[in-house]
Every structure is written in C-alpha cells, then in structure tokens.
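**Q** Kindly produce the complete structure, drawing on both the sequences and the hints.
Number of protein chains: 2
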Amino acid sequence: MKRLQDKIRQEGLILSDKVLKVDSFLNHQVDTELVLAIGEEFAAAFAGDGITKVLTIEASGIQFAMATAIALKVPFIYAKKKKTLTQGAHVYAADVYSFTKEEAYRVTVDQSFLTPEDTVLIVDDFLATGAALVGLADIVAQSGASLAGVGCVIEKSFQEGRSLLEQRSIRIVSLARIASMSPGRISFA
Amino acid sequence: MKRLQDKIRQEGLILSDKVLKVDSFLNHQVDTELVLAIGEEFAAAFAGDGITKVLTIEASGIQFAMATAIALKVPFIYAKKKKTLTQGAHVYAADVYSFTKEEAYRVTVDQSFLTPEDTVLIVDDFLATGAALVGLADIVAQSGASLAGVGCVIEKSFQEGRSLLEQRSIRIVSLARIASMSPGRISFA
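Protein sequence lines correspond, in order, to chains A and B. If you read the first sequence in UniProt numbering, its first letter stands for residue 1, the second for the next number, and so on. If you read the second sequence in UniProt numbering, its first letter stands for residue 1, the second for the next number, and so on.
Worth flagging that the hints you see were computed from the coordinates, not collected in a lab. A hint or two may mislead.
Distance condition first, Cα-Cα at most 25 angstroms in a straight line; then the derived DSS-like pairs of lysine-lysine [as the list claims (entries may be wrong)]:
| hint | chain 1 | residue 1 | chain 2 | residue 2 |
| --- | --- | --- | --- | --- |
| 1 | B | LYS2 | A | LYS18 |
| 2 | B | LYS73 | A | LYS2 |
| 3 | B | LYS81 | B | LYS101 |
| 4 | B | LYS2 | A | LYS82 |
| 5 | A | LYS73 | B | LYS21 |
Model, not experiment: these values are computed from the prediction.
**A** Structural data, given as structure tokens:
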C-alpha cells in the first residue's frame with residue numbers, strides 16, 4: 001500500500017534495526033483517514049471469503065480491526081489480555097510472550113462470540129515474532145471457526161513471524177513489508 | 001440515545017448493582033454500526049466547538065474515539081497505560097486507580113501530540129468513579145490545550161464520576177445515564 005509506505009518513510013521513527021515507532025499516525029496518535037483506507041485494503045483482499053467477524057487483540061489492533069469491520073459491514077472482536085473482574089470463565093485462551101513489553105500474558109475471547117459457523121479475518125498492527133497472531137489463530141481453531149487469513153499493517157519480514165504463520169498454511173496480507181531497516185534507512189520488500 | 005439504551009436493556013448483563021457487562025456489543029465483541037452511530041452522536045453534540053483532536057485511553061475507549069474522530073474528520077489519540085520500550089520520556093502523565101482491575105497505572109500522552117492550539121474532546125466507554133477521565137483532563141491541562149468536554153457512552157449516575165468532573169466545570173455528554181440497576185432491572189435517568 002503505497003500511501004502507507006510513504007507515510008512510514010515520512011513520519012516513522014526507526015530507533016534500531018528492529019524497532020520502528022509509528023506513534024504519530026498509527027498507534028498512539030491515529031490518522032483516522034489513513035486507518036479507514038487500511039481497513040478498505042484488508043476488506044478488498046478478503047472480499048470473496050465470506051468473513052463474518054474480524055478478530056484482533058487489544059489495544060493497538062483495535063483501530064485496524066474496526067476500520068476493516070466497517071468496510072466489511074461485520075462486527076469485530078478484540079481479544080483481552082488478562083482476566084478482569086467482569087470476564088467470565090467461559091473463554092478460549094492462548095498464552096503469548098510480548099518481546100516489546102518483555103512479559104507474558106494470556107489472551108482470551110469469550111466463547112459465545114466465535115462459533116463453527118464463523119469465518120474469521122485476523123487483523124493486527126505488526127507482524128514481527130508472530131507470537132500474538134499465532135495465539136489468535138489458536139483461539140480461532142479452538143472455536144471451530146474457519147480462518148480466512150491474517151491482515152498485518154506492517155510486517156517486519158526479517159523476523160520469524162511470517163514463517164510461523166506459513167507453517168500453519170495461513171494466508172497473510174501485509175500492507176507494508178519491511179525487508180530491512182536501520183536509523184535513517186528503510187527498505188520495503 | 002434510545003438505540004443504545006434499548007441495546008443495553010436487550011443485551012447488557014447486570015452482574016451486581018455496580019457491574020454492567022456490555023461485552024457482546026461494546027467492549028469485547030463490537031457492534032460496528034452501533035459504535036459508528038455513537039460517534040455521530042458525540043460529534044453532533046460538540047459540532048460547534050472546533051474540536052481538533054479526540055482523546056481517549058486504551059483499550060476500550062479506542063473504538064468510540066475512532067468513531068467520533070471519523071464523524072469529526074480529525075485524528076484521535078489514545079493515552080497509553082504504562083511505559084513500553086518504544087515510548088520516550090517526553091510525555092504528559094497522570095496516575096489513575098482502576099476499581100475494575102484493582103490496580104493503579106500511569107496514563108501517558110506523548111507531548112508532541114497535544115499543543116495549546118488544540119481543542120480536545122475526551123471520549124470513553126464508562127463514566128463511573130471518573131478516575132480515568134480526571135486523569136485525561138489533567139493531561140489536557142498540562143498540554144495547555146482547550147478541553148471542550150467529555151463524551152461518555154454509559155454513565156453510572158449513582159457513582160461519583162460526574163460530580164468530580166462538574167467540580168472542574170467540565171461539560172459532560174452521556175448517551176446512556178443509568179440511575180440505578182440490579183440483576184434483572186435497570187433504570188435510565
């Protein structure tokens with residue numbers, strides 16, 4: 001997606017060869033129009049697949065799942081990162097390790113929101129280690145729903161996430177695939 | 001907002017006289033169309049105020065801030081709940097205690113995203129104790145931006161949040177004001 005790649009070149013901050021900060025337009029301050037356009041891209045890529053629900057993980061996947069759900073005219077679900085007082089026991093769960101936050105957490109989805117009749121599109125902001133997306137794919141498998149694929153806004157192609165998903169025969173649509181980067185330089189695949 | 005109140009009556013789960021679960025349509029599974037309509041309500045209520053940014057807090061405020069930002073055609077910002085490796089030191093910060101999660105956390109917004117030229121509308125899912133919203137109002141004050149008001153999807157009018165905000169002369173627009181509730185029964189103000 002050229003518009004997204006241009007924005008990353010203009011406003012992305014490359015802090016190291018692994019850390020790209022897109023806080024000014026994607027996941028802290030959010031460029032609403034750009035995110036709606038991202039949702040339309042994902043919706044177009046999976047237009048023929050009969051998606052019934054979009055699934056993501058809190059927090060920074062929510063705006064992309066919502067934009068995609070708007071374009072597909074379906075509900076979306078965001079998996080929760082740990083139990084709160086208002087969450088019941090009847091959940092699908094997967095354990096995920098976050099390298100960004102350096103902590104493990106449990107991801108849960110209420111069992112009543114995913115059934116074998118659903119066809120699910122998973123959406124998230126980054127595909128890097130793939131840990132969160134593999135967890136979400138596990139949750140879809142537990143529910144018996146069909147998984148149409150995964151939509152990633154930004155893929156760090158030099159990390160192992162893509163191969164972890166491909167091993168599971170999961171279709172991946174990434175809108176900006178970073179082949180390599182370092183402070184002041186970024187190249188897209 | 002009658003459509004919202006009807007949905008709460010139909011699908012909300014009242015777990016106690018303080019806990020209302022709206023996970024099936026607002027903050028776990030999300031009814032995309034309803035949330036877009038909520039955003040339009042907030043946008044209409046603050047239409048004459050020259051809003052330049054919508055501000056909320058991760059995670060469950062994001063969908064409502066985005067819907068409002070879509071309707072107002074402005075960017076939105078979601079405050080972060082604790083420092084991550086990719087967040088710098090130049091932040092506005094406020095400390096908040098969550099009664100739902102029974103823990104304190106620090107809320108931060110990057111200083112580059114709010115300036116004295118901004119007019120801010122704060123949006124969140126619930127107004128109950130008001131702790132999170134007071135924290136966001138503090139952050140707006142730190143930045144020198146103008147605060148147009150606060151939009152709450154659901155207000156628990158029997159808790160102290162409204163009076164805390166009113167003490168600060170903050171305008172409040174709530175779309176569903178719950179006067180009282182108990183399992184099986186809910187009354188709106």
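**Q** Give a verdict on every hint.
**A** So, going through the hints one by one against the coordinates:
1. B:LYS2 x A:LYS18: violated, 48 angstroms
2. B:LYS73 x A:LYS2: holds, 22 angstroms
3. B:LYS81 x B:LYS101: Roughly 13 angstroms between the alpha carbons, so the hint for B:LYS81 and B:LYS101 holds.
4. B:LYS2 x A:LYS82: violated, 32 angstroms
5. A:LYS73 x B:LYS21: holds, 24 angstroms
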